[in-house]
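Visitor: Protein sequences appear in the order of chains G and L. 1 is the number of the first residue of the first sequence in the numbering used here; add one for each residue after it. 113 is the number of the first residue of the second sequence in the numbering used here; add one for each residue after it.
Honestly, the hints are just simulated from the structure, not real lab data. A virtual CB, placed ideally from N, CA and C, is assigned to each residue, including glycine. Just so you know, not all the hints are guaranteed correct.
Unchecked claim - Below, a list of computed lysine to any residue pairs in the SDA-like style, where the Cα atoms sit at most 25 Å apart:
1. K42(G) with L224(L)
2. K58(G) with A45(G)
3. K42(G) with S165(L)
Stated by the list, open to error - Okay, the calculated beta carbon distance ranges per label pair:
4. E166(L) with S7(G): 33 to 43 Å
5. P183(L) with L46(G): 35 to 45 Å
6. E94(G) with T156(L): 11 to 21 Å
7. T209(L) with N22(G): 40 to 50 Å
8. G83(G) with D213(L): 22 to 32 Å
9. A45(G) with L185(L): 14 to 24 Å
10. Q2(G) with D213(L): 18 to 28 Å
11. G128(L) with V54(G): 50 to 60 Å
12. E94(G) with V115(L): 23 to 33 Å
13. L46(G) with E198(L): 25 to 35 Å
14. E94(G) with V174(L): 36 to 46 Å
15. G172(L) with N27(G): 35 to 45 Å
16. V174(L) with S7(G): 28 to 38 Å
17. K57(G) with S193(L): 22 to 32 Å
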Amino acid sequence: QQQVKQSPQSLIVQKGGISIINCAYENTAFDYFPWYQQFPGKGPALLIAIRPDVSEKKEGRFTISFNKSAKQFSLHIMDSQPGDSATYFCAASEDSNYQLIWGAGTKLIIKP
Amino acid sequence: SAVISQKPSRDICQRGTSLTIQCQVDSQVTMMFWYRQQPGQSLTLIATANQGSEATYESGFVIDKFPISRPNLTFSTLTVSNMSPEDSSIYLCSFWTGGLDTEAFFGQGTRLTVV
Chain G
1 QQQVKQSPQS LIVQKGGISI INCAYENTAF DYFPWYQQFP GKGPALLIAI
51 RPDVSEKKEG RFTISFNKSA KQFSLHIMDS QPGDSATYFC AASEDSNYQL
101 IWGAGTKLII KP
Chain L
113 SAVISQKPSR DICQRGTSLT IQCQVDSQVT MMFWYRQQPG QSLTLIATAN
163 QGSEATYESG FVIDKFPISR PNLTFSTLTV SNMSPEDSSI YLCSFWTGGL
213 DTEAFFGQGT RLTVV
């Protein structure tokens, strides 16, 4: 019940296309859903996060869509650029315990 | 948001030795954590660094192997003791900001290679 399932494991998108990464969870007590971007040799960087009071959050080219009834959330990267090539992790937590449950990660490659 | 500084960024160590990793945040934070990330894998929580008390370790991690200090609300260290090649990994510190919209941030990581 603590798992967060992330898909796909890897993704290749043409420059300018839309990259979509999906995550699903079981624990209905989760109330914080961040996405992290990680480049090789670096720590994860918080990209965008959402809480269940909204169904969508947009920051620049990055959008989180959240479906509470389906217990799913997804990251959309619009106009994908080669610089977006990285590994993306979704995570979830209950604010009350500050412990992130991580997805397995998606390696995204944007082809020029 | 607060700035988190982790060092060293990388090290190559001999087996049987110990390495201490430092994590400094530029503001006081309540919750600090230490993670390990194997190459190509997701993050695994090692322990919660509690200020003024012993760290709380996750299953599979023990204090003798990964002693943690947290002397104040801005600083923590993780020591990897009696290292073996299996300890080669990226080690990351993390903290949560305070307030209603609390969020988790990570240091740049320490890439450890044990030879």
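Visitor: It remains to establish, for every hint, whether it holds in the given structure.
Guide: Going down the list of hints, with the structure as the test:
Distance hint between K42(G) and L224(L) is fulfilled; the C-alpha atoms sit about 13 Å from each other, no more than 25 Å. At most 25 Å may separate the alpha-carbon atoms for a hinted pair to count; K58(G) and A45(G) meet this at roughly 17 Å. Under the criterion of a C-alpha separation no larger than 25 Å, the hint pairing K42(G) with S165(L) is inconsistent with the structure, at around 30 Å. Between E166(L) and S7(G) the C-beta distance comes to about 38 Å, which sits within the given range of 33 to 43 Å.
Between P183(L) and L46(G) the beta carbons are some 26 Å apart, a value that contradicts the proposed interval 35 to 45 Å. Remark: the range hint 11 to 21 Å for E94(G) to T156(L) is upheld by a beta-carbon distance near 19 Å. Range check, T209(L) to N22(G): Cβ separation about 27 Å, and the 40 to 50 Å hint is violated. Taken as a hint, the range 22 to 32 Å holds for the pair G83(G) and D213(L), whose Cβ atoms sit roughly 27 Å apart.
Range check, A45(G) to L185(L): about 23 Å between beta-carbon atoms, so the 14 to 24 Å window is met. Separated by about 23 Å at the C-beta atoms, Q2(G) and D213(L) satisfy the suggested range of 18 to 28 Å. The hint said 50 to 60 Å for the Cβ distance between G128(L) and V54(G), and at roughly 52 Å that hint holds. For the pair E94(G) and V115(L), the beta carbons lie near 26 Å from each other, so the given range of 23 to 33 Å is met.
Remark: the range hint 25 to 35 Å for L46(G) to E198(L) is upheld by a beta-carbon distance near 30 Å. Between E94(G) and V174(L) the beta carbons are some 26 Å apart, a value that contradicts the proposed interval 36 to 46 Å. A beta carbon spacing of about 21 Å between G172(L) and N27(G) contradicts the range 35 to 45 Å that was offered as a hint. Between V174(L) and S7(G) the C-beta distance comes to about 34 Å, which sits within the given range of 28 to 38 Å.
The given range of 22 to 32 Å is broken by K57(G) and S193(L), whose C-beta atoms sit roughly 42 Å from each other.
Of the hints listed earlier, those the structure fails to meet are numbers 3, 5, 7, 14, 15 and 17, in rising order.
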